Amino acid sequence: AQSVTQLDSQVPVFEEAPVELRCNYSSSVSVYLFWYVQYPNQGLQLLLKYLSGSTLVKGINGFEAEFNKSQTSFHLRKPSVHISDTAEYFCAVSDSGGYNKLIFGAGTRLAVHP
Amino acid sequence: EAGVAQSPRYKIIEKRQSVAFWCNPISGHATLYWYQQILGQGPKLLIQFQNNGVVDDSQLPKDRFSAERLKGVDSTLKIQPAKLEDSAVYLCASSQQKNTGNTIYFGEGSWLTVV
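Chains as they are written, first to last, in the working numbering: chain A, 1 to 114; chain B, 1001 to 1115.
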């Protein structure tokens, strides 16, 4: 079975500052990793995913994440945030050999202040 | 391309009443999911369909929840009778195939409040 821990429930940051949202996972099998964003009153939108290959994955809206197998981490980063990045961010994992079933973390609320 | 459509967006019911949510996935997507998202938590998978067959319903409370996808396209999720703890957002999602790694696309959700 897999599980996901998002280490920060809330991250406040000023506009144009860098940000890192932390995600650790636990699994006994090989996994795929995902980050989704949820804007207020909307569904989830895929930011990026790691399936294989380069451990640095680039996504939409200037976000990137790095897969670290030894640390079992998949932290999300952005070098300069905007007010519009204010949202809830979810890290998720799926079994690479199984069905397409996502296990989500509890989420991190990113609040960007002017 | 149209996204995943859900209705109703908002619903308030009293406990022990019933409610039904409808979902129309992205055209051509064979796999359909229903997730439950309780306030302050990440989404939790309730049921996964591949065409009109159930792939995984291990976390569906079958004594009160039911779901169907009769023609392999639209799906309905029903709760009867509702409990206070069923207050949540019910997210429908779809993907082209059930193979892991396929991007899963989510609808905007149906917000349920049970009073």
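Check each hint, because a few of them may be wrong.
What follows is a list of derived Cβ distance ranges for each label pair [stated by the list, open to error]:
hint: 1; chain 1: B; residue 1: K1083; chain 2: A; residue 2: T55; range: 28 to 38 angstroms
hint: 2; chain 1: B; residue 1: A1020; chain 2: A; residue 2: G98; range: 42 to 52 angstroms
hint: 3; chain 1: A; residue 1: S84; chain 2: B; residue 2: G1040; range: 34 to 44 angstroms
hint: 4; chain 1: A; residue 1: T55; chain 2: B; residue 2: P1081; range: 26 to 36 angstroms
Cut-off 20 angstroms, straight-line C-alpha distance, at most; resulting in silico cross-link-like pairs (PhoX-like, lysine-lysine) [as the list claims (entries may be wrong)]:
hint: 5; chain 1: A; residue 1: K49; chain 2: A; residue 2: K69
hint: 6; chain 1: A; residue 1: K101; chain 2: B; residue 2: K1044
hint: 7; chain 1: B; residue 1: K1071; chain 2: B; residue 2: K1011
hint: 8; chain 1: B; residue 1: K1044; chain 2: A; residue 2: K49
hint: 9; chain 1: B; residue 1: K1083; chain 2: B; residue 2: K1062
hint: 10; chain 1: B; residue 1: K1044; chain 2: B; residue 2: K1078
Quick caveat, the hints were computed from the structure, so don't treat them as lab data.
Everything numeric in this text was worked out from a predicted model, so none of it was measured.
Glycine included, each C-beta is placed from N, C-alpha and C at the ideal position.
Do the hints match the structure? See the list:
no., hint, verdict
1, K1083/B / T55/A: 28 to 38 angstroms, "violated (44 angstroms)"
2, A1020/B / G98/A: 42 to 52 angstroms, "violated (30 angstroms)"
3, S84/A / G1040/B: 34 to 44 angstroms, "violated (23 angstroms)"
4, T55/A / P1081/B: 26 to 36 angstroms, "violated (49 angstroms)"
5, K49/A / K69/A, "holds (15 angstroms)"
6, K101/A / K1044/B, "holds (10 angstroms)"
7, K1071/B / K1011/B, "violated (26 angstroms)"
8, K1044/B / K49/A, "holds (19 angstroms)"
9, K1083/B / K1062/B, "holds (13 angstroms)"
10, K1044/B / K1078/B, "holds (16 angstroms)"
Hint check: violations occur at hints 1, 2, 3, 4 and 7; the rest are consistent with the structure.
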